[in-house]
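*Asks:* These protein sequence lines are chains A and B, in that order. Numbering of the first sequence is given in our numbering, commencing with residue 1 and proceeding in unit increments. Numbering of the second sequence is given in our numbering, commencing with residue 1 and proceeding in unit increments.
A hint or two may mislead.
Stated by the list, open to error - Think about it this way: if two alpha-carbon atoms lie no more than 25 angstroms apart in a straight line, the pair counts; the simulated DSS-like pairs of lysine-lysine are:
(1) B:K194 <-> A:K58
(2) B:K188 <-> A:K87
(3) B:K289 <-> B:K343
(4) B:K188 <-> B:K2
(5) A:K89 <-> B:K289
Read the hints as simulated data drawn from the structure, not as lab findings. Every value quoted in this text rests on a predicted model; they were computed, and no experiment measured them.
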Amino acid sequence: MVATKDMPLKEYVLKGNAACAGCQDMVALRHAHKALEGNVIQVVPACCTSVVQGLWPKSGLGIPVLNTAFPAAAATASGVRAALAAKGKDDTMVMVWAGDGGTFDIGLQALSGAFERRTDFLYVCYNNQVYSNTGTQRSGGTPLHAKTTTTWLGKKEPEKLLDFIVAMHEPVYQATANTAYPRDLYDKFMKAKEIRGPKFIHIFLPCPQAWNYPVEKGVELGKLAVETGYWIQWERIGTEFTLGRQSKRFQDPEKRKPIEEFLKMQGRFSHLFRPERQDAKIQELEDYIQYRWDLLMKTLA
Amino acid sequence: MKTELMSANYAAARAVMSARVEVVPAYPITPATTVPEQIALLNETGQWPGQFIRVESEHSAMFACIGASSTGARTFTATSSNGLLLMDEGLHWAAAARLPIVLANINRSVSPSWNIHVTHDDSMSKATTGWIQFYVSSVDEFYHTLIQAFKLAEDERVLMPVMINADGFVLSHTLSTYDYLEPEEVDKFLPPYKPPHWVMDPENPVSHGNIVFPEHYMEFRYAMHEGTHNAMKVYEEIEREYKKLFGKYFGGPIDCYKCDDAEVVFTSQGSVAAEAKDAIDELREEGYKVGNARMRMIRPFPVDRIRELGSRVKGFASLDRSVSYGYGGPVASDIRATMYNTKHRPIIKSYIGGLGGRDMTVLDIKEVILDTVKAVENGETGSEETWHDLR
Ligand SMILES: Cc1ncc(C[n+]2csc(CCOP(=O)(O)OP(=O)(O)O)c2C)c(N)n1
Ligand code: SF4
Ligand SMILES: [Mg+2]
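The shape of chain A in the complex, shown without the other chains (with noise of 0.2 angstroms):
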């Protein structure tokens, strides 16, 4: 893993940009544009990414920014590689900076037609889980029993497993990452620089606003999510799956944390322990946790 002190230090996520305090999109965005120190040309639909960027004619991030319509993030890509093609500056990473939103939900065919068509990009998917920038609206990677302002007594379905809908697209690249592991986060975006087709990263990327925290815990938070199990980290070069270092000692059910930690931090769980605890919900979310693991292992790993 890259030491803290050989990364570039050249930032392109710029001071005084718009995210709220303690945003962990600014902490993706600042390693995986570190990693690829500029040469890339990034797509952003609608999403919290679009507005943190600040006000036009300024903007908080030092590079080409595309910014495009909700749904079209993979193709608006897509006309990129495409012009780059025309031009032969093949060198030039695509990439694009989706929500959840623009890639569970909305921008879902346009993925899965940039993929199967193999285009030469690379597609991020940093994961609040929610609709953050229209004020916390539930989405398909939503988790159960979670609050949103469209689920206000809590989600009733568990999300949607998306790395299993993008893995069946055969990736040259995939990856799951965390912000409280920029080190990682960093040497897997200097990875996928330098495969050449369809790659997805798919980022844990706690949100306070969204999920009521205090601002200073989302790395603690990002810990919890690995060391309970719930966010597992791994890669797939091709069809050749390494379950991350962070994520490897919590195979075991019995060296996690229990559910519970993760949980009790954020106001959108607060009703699984006020004014009584939901026991059965609480277990059903961690049952679902063994649920996921197994499913990584028997189908990707």
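Following the hints, position chain B with the ligands against chain A.
*Replies:* Just chain B with the ligands, lined up with the frame of chain A:
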């Protein structure tokens, strides 16, 4: 220049080659389908060296055009009806991003019911997006207007996308001779596209489309409005140059036939407008002072030309192959609005006809024109709107 026998759709595919288009994302829909089919073949056989993207929807087709044009490539796509409607978000986006994308819309009725024949509702419903809109009447005009469209769209004074409309089946699938140009010939007219405003380039990073607050948003919209407006003047220059280079001229924004001494002029869009010439010839022989004003451009709207015509004629018989439901014929309404701020008050009669591909023959057109001639003679406007041949 060479001549061949082709349908409008195959001629459009040739225009892509002639104009050295770099990127074409497209999705099939009848009757536009043979455009992407032919482009795919030209691409696979090495005759057209561009990038063809077999997108999974028209929404994606337009956004792939947007991505490619934003990265400095000359781009084109083709669609019809429901496909154009699915592009809507992208049509507005392309116009506001000032991207010189050229789109061939093969006019087809909008569903339900399923009907693959011509109605202009698809493109007329896009008249407020900012796209420049042409309607053509022949394969030859389609091919050459497509080539002109790139120059118009890419002109720094315009920088707006252009939609060229051709009637489904009547033009798209009907063989006709037309003259085409080799890319080397077109080079004299159309230089490579160099975005004069902004472009996605890691060497010079800019952000396009981030947030603009109310204090600036209006100015961007005004600039769009100006761009589309400027197309009128710029197109005149383009047509002059094109005529000089290739000897082709299609009549400006309104192609007038026997309008000089006409008392009643017939206006229409698309293939009916070609048919109308025969109607005019017959009516002239019968002693009526009538003319044909073929509306080639409806956005920007040719206000000056309509006012000039309206100052001389006693009546307009205006046929729309489209309806703005709850109000009436869209182009007839624009002609009326255009005349309001002048002192001239010709009778402007609105006719709706030919919907769903129903035939508008020379006889039908004569009937429409004579109805207006009668209104002019009686000095009575009569019904504001007539659905011709309504059963
Ligand atoms: C076609 C369309 N529908 C709805 C919206 C409104 N909208 C903008 S962003 C957004 C949610 C974005 O959620 P996500 O992709 O998860 O990104 P986040 O805001 O969480 O960063 C919605 C619903 C839109 N811009 N376009
Ligand atoms: S709402 Fe969440 S994801 Fe969006 S900018 Fe704020 S902290 Fe970041
Ligand atoms: Mg989100």
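*Asks:* Next step is simple, just say for each hint if it's right about the structure.
*Replies:* Hints and how they fare:
no.: 1; hint: B:K194 <-> A:K58; verdict: holds, 24 angstroms
no.: 2; hint: B:K188 <-> A:K87; verdict: holds, 21 angstroms
no.: 3; hint: B:K289 <-> B:K343; verdict: holds, 23 angstroms
no.: 4; hint: B:K188 <-> B:K2; verdict: holds, 16 angstroms
no.: 5; hint: A:K89 <-> B:K289; verdict: violated, 61 angstroms
The structure fails to meet hint 5 from the earlier list, while all remaining hints are met.
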